[in-house]
Amino acid sequence: MNTRALALRIRRHAIEMTHSGNSSHVGAVLSIADILAVLYGQVMAKRPDDPKWANRDRFILSKGHAGAGIYAALAETGYFSLDQLRTHYKNGSLLSGHLSHLGIPGVELSTGSLGHGLSVAAGMALAAKHDGGSHRVFVLMSDGECDEGSNWEAILFAAHHRLSNLVAIVDYNKLQSLGSVEETIQLEPLAEKWRVFGWHVVEIDGHDHDALLNALSVDLAAYPQPTCIIAHTIKGKGVSFMENSVLWHYRSPQGEEYERALSELRADT
Amino acid sequence: MRDEFIRTLTQLARHDPNLFLITGDLGFGVLDHFADELPGQYFNAGVAEQNMTGVAVGLALEGKTVFTYSIANFPTLRCLEQIRNDACYHEANVKIVAIGGGFAYGALGFSHHATEDLAVMRSMPQMTVVAPGDPVEVRAATRAIYQARGPCYLRLGRGGEAAVHPKEVDFTLGRAIKLLDGNEIVYLATGGILSNVFQACQLLKTRGRQAALYSIPTVKPIDRELLETLAQRFRAIVTVEEHSVIGGLGGAVAEILASIPQPRAILKMIGLRSGFSSVVGDQEYLRKTYGLSVQAIEEIGWELLSGTGSVAAGLNHTGRFFGPVPSPGNT
Chain A
1 MNTRALALRI RRHAIEMTHS GNSSHVGAVL SIADILAVLY GQVMAKRPDD PKWANRDRFI
61 LSKGHAGAGI YAALAETGYF SLDQLRTHYK NGSLLSGHLS HLGIPGVELS TGSLGHGLSV
121 AAGMALAAKH DGGSHRVFVL MSDGECDEGS NWEAILFAAH HRLSNLVAIV DYNKLQSLGS
181 VEETIQLEPL AEKWRVFGWH VVEIDGHDHD ALLNALSVDL AAYPQPTCII AHTIKGKGVS
241 FMENSVLWHY RSPQGEEYER ALSELRADT
Chain B
1001 MRDEFIRTLT QLARHDPNLF LITGDLGFGV LDHFADELPG QYFNAGVAEQ NMTGVAVGLA
1061 LEGKTVFTYS IANFPTLRCL EQIRNDACYH EANVKIVAIG GGFAYGALGF SHHATEDLAV
1121 MRSMPQMTVV APGDPVEVRA ATRAIYQARG PCYLRLGRGG EAAVHPKEVD FTLGRAIKLL
1181 DGNEIVYLAT GGILSNVFQA CQLLKTRGRQ AALYSIPTVK PIDRELLETL AQRFRAIVTV
1241 EEHSVIGGLG GAVAEILASI PQPRAILKMI GLRSGFSSVV GDQEYLRKTY GLSVQAIEEI
1301 GWELLSGTGS VAAGLNHTGR FFGPVPSPGN T
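These protein sequence lines are chains A and B, in that order.
Start counting the first sequence at 1; every next residue gets the next number (this note's numbering).
Start counting the second sequence at 1001; every next residue gets the next number (this note's numbering).
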């Protein structure tokens, strides 16, 4: 499956999972579907039948509220059955709204409270350096999450220790929980902030698969410092009435909205 | 205690390249041996406890055993959610070490008094909570938590504490250590206050009364089996801790006693009432101010044994109110 087809399937799963579970955060999943598709479909070294394989690339979703996207990516790439996705958010399921690793092969870290992923990823990258491992550690963060002070502690730490095997991706869709990033807590100039903290920074269109592939596959050994990819994205990407709308951080697609969302995602192929 | 800890940890790390020590920019002059001898296994994370704990979890998930080190409430309360979500939920091999349990940093002020840490850490799922009573217990406890799987909290005093145990102890996580035999009442002590409790028992002895004494270095899991026995054998159990009476050793013992159908023993908790100390003074001064002096601990035992005073009348915990003005709502 090519990465574009995988992204479409992740989006469709996101609609179906949030519909049947009556759960929130569909906009946040649609925002990162292309990033996940390029990582899981092409970039990351992985062995779904041996999820703890020592040389795998590690992936941490720090914005754990988009956990449905990871469950979908893992199921689509063979970590567990697609049928299990139907249990998402249901009583007795292993697939909670925020990402949990318990009983789910391929999830490196359970998240849900923001500002945790980057520090743990830095620890994993530090371990890889210590052990001479050649794998990379990817961590996907939200833009609103950059408000958390703990991230800036980790940004300092990773730069200080020259964790060149660490790649942070910021899903920069410019919307957070109650409104725009700009009107909540201004992050700009965001790229410049990471840069002056000592990171190698790349800015791309987070829905452009060629750009993503290029940015995520670049020879990281060429840079002695950790890399930050600022991925400019659209929250709700792929479903016209969900795009750039805070409402779909919360609302679950039901009835006619559900049908329309799926038909738009079908049309996209 | 801290010197004993770092000496033991250095010995362990010498034989285990996967043992890491991360400090939150504290331990001046204390960590040098470890840092100089094993620089590849030592990091200073800076003044950033949340990241220190997250990094420790990342290392632990990659197979390392990681000790985080700081003082007072910094490695626990400051980064509590990293401990809960990252360390505990993932059962990560992270060992949190706090120097300055209780009033060890007395005159530095309330920010440096670790007086709720046992309660908070005890409530964390998967967490083992250890507060050794003297340097001998520190040696054994450090080895024990290194060998144990999963997150542990090690609460230490500061430096220069005298040994209470005359020789090495038989130390098992979750087991109490017997120091003195006695009848009628038994003292249970956790952490560095053990020394004061031991002396209080000796004072009682000079007055012709014999109290039993156990050190309870593992506050969680508590030695339930022993407590069930003590609850039937003794007339009173007296817990002593340099910590709030809410949720620490006294709380843990109370939880067990409440689950026993008809315990013979009543429970007296000696500890600190919820609040802050605004009194300036060294550790012994503050202990005395708040009812944790040798004499105060001895007096409770004396009253229980002789059936006099408010303690025997049923006041279920002692310890003075923190702060200059007691308020009725203060428990």
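Source of the hints: derived by calculation from the structure; they are not laboratory data.
Take these hints with a grain of salt, some might be off.
As the list claims (entries may be wrong) - Computed cross-link-like contacts, SDA-like style, restricted to lysine to any residue with a CA-CA straight-line distance of at most 20 Å:
1) A:Lys-129 to A:Leu-247
2) A:Lys-52 to B:Arg-1149
3) A:Lys-129 to B:Gly-1063
4) A:Lys-129 to B:Gly-1150
5) A:Lys-52 to B:Gly-1150
6) B:Lys-1220 to B:Arg-1149
7) A:Lys-129 to B:Leu-1038
8) A:Lys-129 to B:Glu-1091
9) A:Lys-174 to A:Leu-247
10) A:Lys-129 to B:Asp-1170
11) A:Lys-52 to B:Glu-1091
Claimed, not checked - Heads up, incomplete: computed chain B residues facing chain A, CB under 7 Å, no partners named:
12) Thr-1008
13) Ala-1048
14) Asn-1051
15) Gly-1054
16) Gly-1058
17) Glu-1062
18) Leu-1077
19) Glu-1081
20) Asp-1086
21) Cys-1088
22) Ile-1266
23) Ser-1277
24) Val-1279
We treat Cβ as the ideally placed atom computed from N, Cα and C, and that holds for glycine.
So, going through the hints one by one against the coordinates:
no., hint, result
1, A:Lys-129 to A:Leu-247, "42 Å, violated"
2, A:Lys-52 to B:Arg-1149, "19 Å, holds"
3, A:Lys-129 to B:Gly-1063, "13 Å, holds"
4, A:Lys-129 to B:Gly-1150, "23 Å, violated"
5, A:Lys-52 to B:Gly-1150, "19 Å, holds"
6, B:Lys-1220 to B:Arg-1149, "14 Å, holds"
7, A:Lys-129 to B:Leu-1038, "16 Å, holds"
8, A:Lys-129 to B:Glu-1091, "23 Å, violated"
9, A:Lys-174 to A:Leu-247, "14 Å, holds"
10, A:Lys-129 to B:Asp-1170, "39 Å, violated"
11, A:Lys-52 to B:Glu-1091, "16 Å, holds"
12, Thr-1008, "23 Å, violated"
13, Ala-1048, "4 Å, holds"
14, Asn-1051, "4 Å, holds"
15, Gly-1054, "2 Å, holds"
16, Gly-1058, "2 Å, holds"
17, Glu-1062, "4 Å, holds"
18, Leu-1077, "14 Å, violated"
19, Glu-1081, "6 Å, holds"
20, Asp-1086, "6 Å, holds"
21, Cys-1088, "11 Å, violated"
22, Ile-1266, "42 Å, violated"
23, Ser-1277, "28 Å, violated"
24, Val-1279, "32 Å, violated"
Going down the numbered hints, you'll see the structure goes against 1, 4, 8, 10, 12, 18, 21, 22, 23, 24, while the others check out.
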